[in-house]
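Add chains E and L to chain D, keeping to what the hints say.
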Amino acid sequence: MRREVPLMICAIVGFTLIIVYFVPHPPFSDMRDLFSDWFSVIAAFAIYLGILNLLKNSVDKVYRKRSGWGFSIVTIAGFVLFVFIGLYEGSDFGEIGTRYYWLYDRIYFPLMATMFAILAFFIGSASYRAFRARNVEATVLLLAAFFVMLGRVPIGYYLTSWLPEGWRMSDVASAIMTYPQMAGQRAVMIGIALGIVSTSLRIILGIERTFLGGE
Amino acid sequence: MKFTTLSGSLLKLFLFGLVLFFIFSFNPRAFCQDTTIVTDSIPPGPPSNVVAKDTPYDRGRSITINWVKSADDGGGANDVKGYEIMRATQVDGDYELIGNTTAGAQYFIDNDVRDKVSYFYKIRGTDGTNTSVSLPSLAAMSKPQWVNLRRTNIFIFVVALTFAILYYINRAKAGKELFIRKIAGLEAVDDAVGRATEMGRKIFYIPGISDMDNMQTIAGLTILGRVAKVAAEYEARLEVPVSRSMVMVSAREVMKEAYSNAGRPDSFNEDLVYYLTDDQFGYAAAVDGLFVREKPAAIFLMGQFYAESLILAETGNSVGAIQIAGTAAPAQIPFFIAACDFTLIGEELFAASAYLSKDPKLLGSLKGQDVGKVIFLAAIILGVILFTFNLMDIGPWFAVG
Amino acid sequence: MGFFERLIKIDRRIIFTFIAVAIALPLFFNVSMYVETTPEVVGIFNAVDSLSPGSKVLMSFDYDPGSMPELQPMAESFLRHCFSRGLKVILMGLWPQGPLQANWALDIILNEPDIKAMNLKYGVDYVNLGYTAGNEVVIQRMGSDIHAAFPVDYYGTSLDEIPLMRGVRNFDNIDFVYNLSAGYPGTMEWVQFAADRFHAVLGAGNTAVQAPLMYPYLGRKQLVGILGGMKGAAEYEVLANRPARAVRYMFSQGISHAVVVFFVIIGNLAYFFTRKKKES
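Each protein sequence line maps, in turn, to chains D, E and L.
Taking this note's numbering, I'd label the letters of the first sequence as residues 1 to 215.
Taking this note's numbering, I'd label the letters of the second sequence as residues 216 to 616.
Taking this note's numbering, I'd label the letters of the third sequence as residues 617 to 896.
Pulled out of the complex, with its shape left as it was, chain D reads as follows (with noise of 0.2 Å):
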C-alpha cells in the first residue's frame, strides 16, 4: 500500500488535470485552481521540514566541530536575526523604514547583487575554456559567439560602421539570433515538450516510479 496509494494518486490527479485542460464546465474548471492551491498550502508547511532540518544539522556541526561548523554558526546567527526582527516588526515587516527591510537592503539584497554579478567574471573563464576551434562545429559555435558578442555592443558597430548596411557586425548579429538561435531553440523547445509529455504520461500510468522510491 506504501506504493500503492501515491501511485493511484498520481494517477487520479493526473488524468483529472488533463481532463480540465478539455472541459471548461464545472466542477473541473475549478479543479485546476483547486489543486494548485492544494500544492501551494502543502509547500508552504513542508518549508517547517526543511528549516527544522537545516537547523538541526547546523547545530550540529557547530557541537561537534565538523569542519566549515564557523558557517554553520553564521547560518543560525543569520536565520535568528531575521525571523526575530521580522516577529517584531509585525504584519508589515516589509515595509520601507522598518528594521526588517533595513537588514534586507543593507545585507541581503548585497549579498543577492553579488552573486549575480560573479557570473560576469565567470563567463570570462567559462568562454576561454570552451570557445575553442576544436573541430567545424567548434569553430562555428566560436564564429557566432564572436559575431554576437561584439555586434551586441557599439564596439561592433564603430569596427564595422564603414561596411555596407545589412553587412556589420550588429546585422550579422541579429541575423544570427533570428534565424539559426531561433530555429534552434524552437526545436529544442519542441524536444522538451515531448519530453515532458512522455515522462508525465509515464508518471500518470505508473509506469516510471523511480521518484517515489521505488524501481
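For the record, the hints were derived by calculation from the structure and aren't laboratory data.
Just so you know, these numbers come straight off a predicted model, no measurement behind them.
Backbone N, C-alpha and C define an ideal beta-carbon position, used for all residues, glycine too.
Incorrect hints may have been included.
One side only, chain E facing chain L, incomplete, derived with CB under 7 Å [what the hints assert, rightly or not]:
(1) THR317
(2) GLN321
(3) TYR521
(4) ALA546
(5) VAL615
For lysine to any residue, the following SDA-like pairs were computed, each having C-alpha atoms within a straight-line distance of at most 20 Å [what the hints assert, rightly or not]:
(6) L:LYS837 / E:GLY504
(7) E:LYS576 / D:GLU4
(8) E:LYS331 / E:GLU299
(9) E:LYS471 / E:GLU448
(10) D:LYS56 / E:GLY504
(11) D:LYS56 / E:LYS331
(12) L:LYS625 / E:PRO611
(13) E:LYS588 / D:GLY184
(14) D:LYS56 / E:ASP486
(15) L:LYS672 / L:GLY702
(16) E:LYS588 / D:ALA193
(17) L:LYS837 / E:GLY535
Just chains E and L now, with coordinates in the frame of chain D:
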C-alpha cells in the same frame, strides 16, 4: 480740421467703425469672455449592431458583446473618446453601467453575469461631453460548455502520441529490440562514480532549484535513483543538498530505496540529503561553499536551473570535479555545455531514466516520443513548402485556444 | 612548460582581474557610445508611441534585485515614456519583490523635473497593485477579472475605490501590457495566457540570457517587441531621446565584451600553437 456736415458724419462713422474693428480683431472675445463658452453640443454617431452572445468554450458566467463602432470613431468628427457598456435584465428595464473601453474598441467581455439569466446590452459612445446610445441587443444568456472545441488539435495530438507510446511499450514488452542512440553523459555515470570511489572523495548531486511540481525535478530524482544505486554498489559517499523541503523528502525516499536495491540499506543515512535554502543565490552560495571545501570528485547537476547554473558549474570545474549536467532550461544549456564535461540537452534529461535502467517499458516510451517528433517534422516541412509557394498557411491548425 | 602551454592553463584569477578592470574602469569615464537600434526594440517603442493619451498600460515587474542592473533601466525609461505620453500606468508583480522594484522606479521617474511638473496623482495616473501569489494562475484570473486577482492595491485600498481601476476589469480594458522578466513566472507565461488566450498586446523586457528564448514569439507576433539586457534598455533610451544609465553603461559593457573576445582569441592561438608543437 473742420468737415462738411454729411461727409464729416460719414467720416466719424467710418473712424468709429475702424476703431471697433481693431478692438474686435485683436480681442474678438472681448465682449464674450466670462459670458459664453463655445462647447461641442453635437453627440457622436451612435454605435450600432450590438450583438451579445454567450462566450464560447468556457465555464459559463461570461457574455461577449460585439458592436460596430461609431461613425465618428476614426472618421467623421473623430471625437469619440470611448464606449460605455450598459446592461439590464429587461429590454426596457434600467440599464446599469458595467464597464468601459477606449475608442476603437469593438468588443467587451462581461464576466459578471449569472448563468441562464437573460441580459440585454446597450453601448454608449462618448466624446467626453455628449453621448449617444445604441439600440439594445437581443437577449443573451451564458452557460458553461462541456467541451472546449478550440483545443481539438491538441486533443488529437495527445491521443496520437499516447497511442504511439503505448504501442511501442507493448512492442518492447513483447521482446522487440529497440535502438536508442548513445548519450555520452549517461555512459559516463559509472566512470564518474568510480572516479570518486578511487579518489576517496564525495559525489554531489544537485537536483535543481525547483519544487516537485516541475517535471525536471522529477526527472532529476529518477536519475538520482540510478546514480544512488551505482554509488551504493561502489560504496562512494553521495550527498544531495536540496533547495526545497518536498524535494528533500522525496530524495530521501529515492536514495533509501536505491541503497536497498543495491543491497546496502545500512549505508544509507538520512543526513546525506539535506536542505539548504529556498533562495536561488543563497543556495548557489551554499553549494559553492560545499564544492570549494569538500572538493568532490564528481558533481551531477540534473534538473531545473536558472542564473545560478554557471556559478555552480564553473565552481565545480575549478575544484577539478568531473561534471555531468542535464537541464531542460534552454537558456542554461549553453552554460552547462561550456563548463561541464558532459551535458544532457533538453529531452535527454527526460530520457535518462529509461536509458540508465534499460527497462523495455521505459525505452518503448522513448520510441513513442519520437513519433511526436516525426509528426512535428512533417508538419514543419509541409508548412514551409505550402507557405513558400503561397498555397496555404497551416499555422492556425497548431494554434492553442 | 612553454609559454603557450602556460597560456592554456592560465590561472582564472588573471582572467577575473582583467574582466574586473574592463567593467569597473570605464564607469569612471563619462563616455557615450553610439547605440544602434534594432527592430525588436523599435516595435515596443512604436507600439507605446501610437497609444493615445489616457490609454492604459499594464507593467508587470517579474524580477528581484539580482536582475535590477539589467531590468531597472528598462523599467525607468519605459515609465518615463508612458508618463510623457500621458498614458495611465498600472503596475504589479508576479514576483514578491516586483512591487518594490516598481516603487523604486516610480520614485526616480516621478522626481524628474518634467514628470514632476505634470503633477501626476496616485490612483488617477498610476497605481501599484502589488503582488499576488499564483504565478500564471494570476494572469488567467486577470483575463477574467483583475479585481478578483488583485482585490486591493499595494497599500491595501480596494480597487473599486481607485479611479484608475474603475472600468478596468480585464485585458480588454488594457491597451498595452509590458512585462519585465528574469525567469519564472515571466514572459513565457504572459505570452501563453495574456497574449494567446486573452489577445493582449504584449511587449517584454528580459535579461540578456533570457531574451533569445523569446525570439520565436516575436516571429509569431505574440510579442510586439523585446528589450534584451542592458543593450535593449540603452536602445529604448535612445529612441525616447533620453539617454540615461543604460547608455552610459554600454561603454563598460563594450569593453568587457572586447576583453572576453580577446581572451578567446589568445586562447585559440595558444591551442593551435600547442597542437602544432605536439604534432611536430
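So, going through the hints one by one against the coordinates:
The restraint placing THR317 (chain E) at the interface with chain L holds, with a minimum CB-CB distance near 6 Å, inside the 7 Å limit. For GLN321 (chain E), the suggested interface contact is broken, since its CB lies about 11 Å from the closest CB of chain L, more than 7 Å. A least Cβ separation of about 5 Å between TYR521 (chain E) and chain L falls short of the 7 Å threshold, and the interface hint therefore holds. Taking 7 Å as the C-beta contact cut-off toward chain L, the hint placing ALA546 (chain E) at the interface holds, the least distance being around 5 Å.
For the restraint placing VAL615 (chain E) at the interface with chain L, the shortest Cβ-Cβ distance is roughly 6 Å, inside the 7 Å limit, so the hint holds. A distance of roughly 44 Å separates the Cα atoms of LYS837 (chain L) and GLY504 (chain E); the hinted pair therefore is violated under the 20 Å criterion. The hinted pair formed by LYS576 (chain E) and GLU4 (chain D) meets the criterion: a straight-line CA distance of about 19 Å does not exceed 20 Å. Between LYS331 (chain E) and GLU299 (chain E) the alpha-carbon distance is near 24 Å, which puts this suggested pair outside the 20 Å criterion.
The suggested pairing of LYS471 (chain E) with GLU448 (chain E) holds, with an alpha-carbon distance near 13 Å, which does not exceed 20 Å. Our distance criterion of 20 Å between C-alpha atoms is met by LYS56 (chain D) and GLY504 (chain E), whose separation comes to about 19 Å. A C-alpha spacing of about 59 Å is found between LYS56 (chain D) and LYS331 (chain E), which places the hinted pair above 20 Å, so the restraint is violated. Taken as a hint, the LYS625 (chain L) and PRO611 (chain E) pair is broken in the structure, with Cα atoms around 53 Å apart against an allowance of 20 Å.
For the proposed pair LYS588 (chain E) and GLY184 (chain D), the alpha carbon gap of about 14 Å is at most 20 Å, so the pair holds. Distance restraint check for LYS56 (chain D) and ASP486 (chain E): the Cα-Cα separation of roughly 10 Å lies within the 20 Å cut-off, and the hinted pair is therefore satisfied. The straight-line distance between the Cα atoms of LYS672 (chain L) and GLY702 (chain L) is roughly 10 Å, inside the 20 Å bound, and the hint therefore holds. Straight-line distance between C-alpha atoms of LYS588 (chain E) and ALA193 (chain D) comes to about 10 Å, which keeps the hinted pair within the 20 Å bound.
Using a Cα cut-off of 20 Å, the hinted pair LYS837 (chain L) and GLY535 (chain E) is violated, with the two alpha carbons roughly 46 Å apart.
The structure fails hints 2, 6, 8, 11, 12 and 17 (numbered hints given earlier, in ascending order).
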